[in-house]
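Q: Protein chains in written order, with my numbering: chain E, 581 to 1362; chain R, 10 to 177.
Treat the hints with caution; some may be incorrect.
[To be verified] Stretch by stretch, here's where chain E covers chain R in the computed footprint (C-beta under 8 angstroms, at least three residues):
# : stretch
1 : 23 to 29
2 : 114 to 128
[Stated by the list, open to error] PhoX-like, lysine-lysine: derived pairs with alpha carbons at most 20 angstroms apart:
#  : chain 1 : residue 1 : chain 2 : residue 2
3  : E       : K604      : E       : K615
4  : R       : K139      : E       : K1233
5  : E       : K1059     : E       : K1140
6  : E       : K1233     : E       : K1350
7  : E       : K1059     : E       : K1172
8  : R       : K33       : R       : K15
9  : E       : K1288     : R       : K82
10 : R       : K139      : E       : K1028
11 : E       : K997      : E       : K1198
Don't read these hints as lab results, they were simulated from the structure.
Here a beta-carbon is modelled for each residue, glycine too, at the ideal position from N, C-alpha and C.
One letter stands for each residue in the lines below.
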Amino acid sequence: MDIESSKPTAQDPQKLRHVGKPCKRDDLINKVTGKWIYGTDFTLPGMLYAKALRSPYPHARIVSIDISRAQQFPGVNTVITADDLPSYRFGSAIRDEPFLACDKVRYTGEPIAAVAAISEEVAREAIDLIDVEYEELPGVYDVLEAMQPGSTLVHEDMDQYEMEGEYNRCPGSNIVGHTKIRHGDIEQGFLESDEIYEDVFTTQHVQHCSMEPHVGIAKIDEDGSVTIWSSCQSPYNAVRDMANALGLPYNMVRIICTGVGGGFGGKNYLRVEPLIVALAMHTNGRPVKLAFTRDEEFIASVCKHPVHLTFKTGVKRDGTITARKITAIFDTGGYADTGPLVARNGAFSGTGPYRIPHVSVDSYCVYTNNPLGGAFRGFGVPQLTWAHESQMDMIATRLNIDSVDIRMRNLYDLGDKTCTGEVLRTSVGVKDTLHLAVDLSNQGMQHKISDSPRIVRGQGIATMHKLTNTPSTSSVIIKMHADGTVNVLCSTVELGQGIYAALRQITAEQLGIPMEHVRIRAPDTDYTPFDQSTSGSRSVFHSGNALIRAADDLTNKLCKMAVPLLDCPIDSLVYNDGAVWQKNSNKFITAKEIIAGHFGPRGATVQGDGTFTPFGAKPPDKETGQTPRMSAFWMYATQIADVEVDVETGRIKVLRIVAAHDAGTIINPEGAEGQIVGGVVQGLGATLCEEMHVTEGVITNPTFVEYKLPTTMDIPEIVTGFVDSFHDEGPFGAKGLSEPALAPTSAAVANAVFNAIGVRITSLPITPEKILHALKLNQIDT
Amino acid sequence: MNPQEKLAITINGETHELDVPVNKTLIDLIKEDLGLIGTKDGCRQGICGACTVLVDGVPIRSCLELAVRCNGKNVTTIEGLRDAGNLHPLQQAFIDNGAVQCGYCTPGMLMMAVAFLKENPTPTEEEVRKALIGNICRCTGYTGSVRAVMTVAENQGSNQTKSIEITA
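Chain E extracted, bound-state conformation (with noise of 0.2 angstroms):
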């Protein structure tokens, strides 16, 4: 496959009609009232509805299961365990996970039967009448406990597991993921430095919380093809991960995309399809759903993986760092999901956005009996972006220099190399983020100040840098119909995010016609071509270069077709605002009019074809980590973070965000700052006040009562800021956003808190209990 460059288009931004422009999204009216059709609302003739029986316990061989009564209960089509399924395996990193549990169990809430009835509440009167003998095994809860030799393994046969790509995985162990970066000479940094810091930190289980939950169905036919109406971000994972764990051929699965309730990444992978293809394979036909519970959402779906962190850091004493070490200790739980994905993304980004020319990354993904981690907003650069940031703050402290100068000292410029071999050759923005984000913050703020003594405030700053998955690669196909309105088949997925409209405004600008006239829709894999996946902020980048090239295309097929309805050469012929022109002269033939002129009057449709992939993308290297392209683009993001501290009740209260992000030209200002204030929101319940409680394995709050999302009340002033910043190869110069919107906001938080009451909190999240403690051991300390 040959992997070309793209043309960037370098557009006189003064002249662009639709990008950076204000762009009214075509699906909200739907939204409003209540029109939309989500996963959850869709319903088949003749459609099943399934439940699954889920294991209570975290570690536990299955003995015996008796599904007997359960098949006799009025309603019920049918009942199955893995002994009525071949031994199916998925997984996007590794095929470890079975469709239902078969020997044992490794996470509570784990599958081990499912039933298909004509109703919900027949489904769940049947799933209580399936009896299982379990006898439970010792598990293992702590990740760092997991990574020692001689720890009860998870997967005994770790090495029998087809795995995607080569992640280090250690069979005989329970690391099923090892990415290393080697640069430089660590040791040699650690001699040259004048000072050595070691620090730790730790975050916690978050769940994505998507108000949707997790929702499929499954049909087969007689020929065998699965089709599932999915909810889920990327179809074509669906495609790749369901045909590779059945064994059928791709075209042979087909995945149709419902309307989305939010993804966050938890939408990524298989997760329901597995559960409802089981079923369908014995339904004779029947489509079989299966809705997930807001506790399945909890127990039963994936989750943020929780990661220990050990960063070593050699400093100068004017705060230029000569090493930095770090150890990152990923806790994928029972099965891996795309946990080695993640864990290799955190290690990429873990350094910060720092010139450092002495660094070694290890970052583990290790099995544990815990709740399954996998794909979350981020992916990983959250959890080192607490690390890098937090320690930065701390090193400043101990060194007595200021937080924004230790970072302007070290932060990247053009030109630098990364610690992955990479020289940052275009669009490299975070300094500026920097400098927007101490201007806007230096203007006035709306909270009022409290004169409470017991109140106390401070101000903390936070930068970082994610990169996005590369090489990747999205196709679209802009279909033009006689009318000369067209259709964009693409399979990115709008998850509320705003991508179609960012998409609509690309496509509106190349073809030189009204947005009206430019319709997205879900993907249906049958139809439209492949999109690598709807993650990794990737898919304004990917997917609008694509369109550039898929519009060229396009109106090159028009040109060739106005020859001669014109009389010109091609040569002579030039497109421009929805019409072939003769290149100096008033002669034109509009979209519509060549068609007809071609074809005839019923017309036809034209399609133009495009495909992106980024160039330069090689695989890093095994031992080191290094590449001369490790990401197609880097985003670059600074927050800061005001808040008060009432140091009698432990309470933090935000009373200000501001944002500052590089992310590119910006196609979408209203989706874009839309992306920040929800991104930042979702940081700050991460930050503050949502965790999973996990306790030997289960999960004691798996419910909205008690697992705490942020509210109305909870929101603080946000202030939003982009920094002009081009790349050179997005289209219109555009790159990435949304992931970056809630990573530096813990850390921004975090060196807040220091501020204002000396206080470091190191483990997420940052609650009025730990805060009380650490006041009270400072106390004792002095």
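Fit chain R to the known structure of chain E by using the hints.
A: Positioned in the frame of chain E, the structure of chain R alone reads:
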């Protein structure tokens, strides 16, 4: 098989007479029996607010309300918010103020906002936030919804739009 009861219920101005199982929730009645998909099921525990509808003008968590308790009552769902084909001012304001991303929380939040503004047509921003505290949104960060409600309240107050009445 659960015992059934006769139910006469008016939904969005239309009266229906049905036999329903006594354990059927209002949300299931709305979605399954009447095919009105706009009301959303987010948690089935009365916390997230996505299922909010108005029963005799009062916001109710339809996931926790039994259908048979609504015998003889007037229910308004998101589908009943439009006025003769025109968007309700709050619906338009949600579109105009970045209050909608995935949209799953939107119907419930709109119904709560409608009931709130009827009771308190000139709220402060703090009062709007308190009113919407029981509607969880994971996408937008809430600032757009609060702004939308304030905008409609201000427009109502200055008589730029006719006052908002709904049939419930």
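Q: The structure should be examined with respect to each hint, and the outcome stated for every one.
A: Outcome of the hint check:
Check on the stretch 23 to 29 of chain R: 0 of its residues sit with their Cβ under 8 angstroms from a Cβ of chain E, so the three-residue criterion for coverage is violated. For the stretch 114 to 128 of chain R, the stated coverage by chain E holds: 4 residues have a C-beta nearer than 8 angstroms to a C-beta of that chain, and at least 3 were required. For the hint linking K604/E to K615/E, the alpha-carbon distance of about 18 angstroms falls within 20 angstroms, and the restraint holds. Distance restraint check for K139/R and K1233/E: the Cα-Cα separation of roughly 16 angstroms lies within the 20 angstroms cut-off, and the hinted pair is therefore satisfied.
For the hint pairing K1059/E with K1140/E, the CA-to-CA distance comes to about 17 angstroms; that is within 20 angstroms, so the pair holds. Taking the CA atoms of K1233/E and K1350/E, the gap is near 15 angstroms; set against the 20 angstroms cutoff, the hint holds. Of the supplied pair hints, the one linking K1059/E and K1172/E holds, its CA atoms being roughly 13 angstroms apart against a limit of 20 angstroms. Pair hint K33/R plus K15/R holds up; C-alpha atoms about 12 angstroms apart against a cutoff of 20 angstroms.
Our distance criterion of 20 angstroms between C-alpha atoms is broken by K1288/E and K82/R, whose separation comes to about 34 angstroms. The suggested pairing of K139/R with K1028/E holds, with an alpha-carbon distance near 19 angstroms, which does not exceed 20 angstroms. The suggested pairing of K997/E with K1198/E holds, with an alpha-carbon distance near 16 angstroms, which does not exceed 20 angstroms.
This entry does not satisfy hints 1, 9, going by the numbered hints stated previously.
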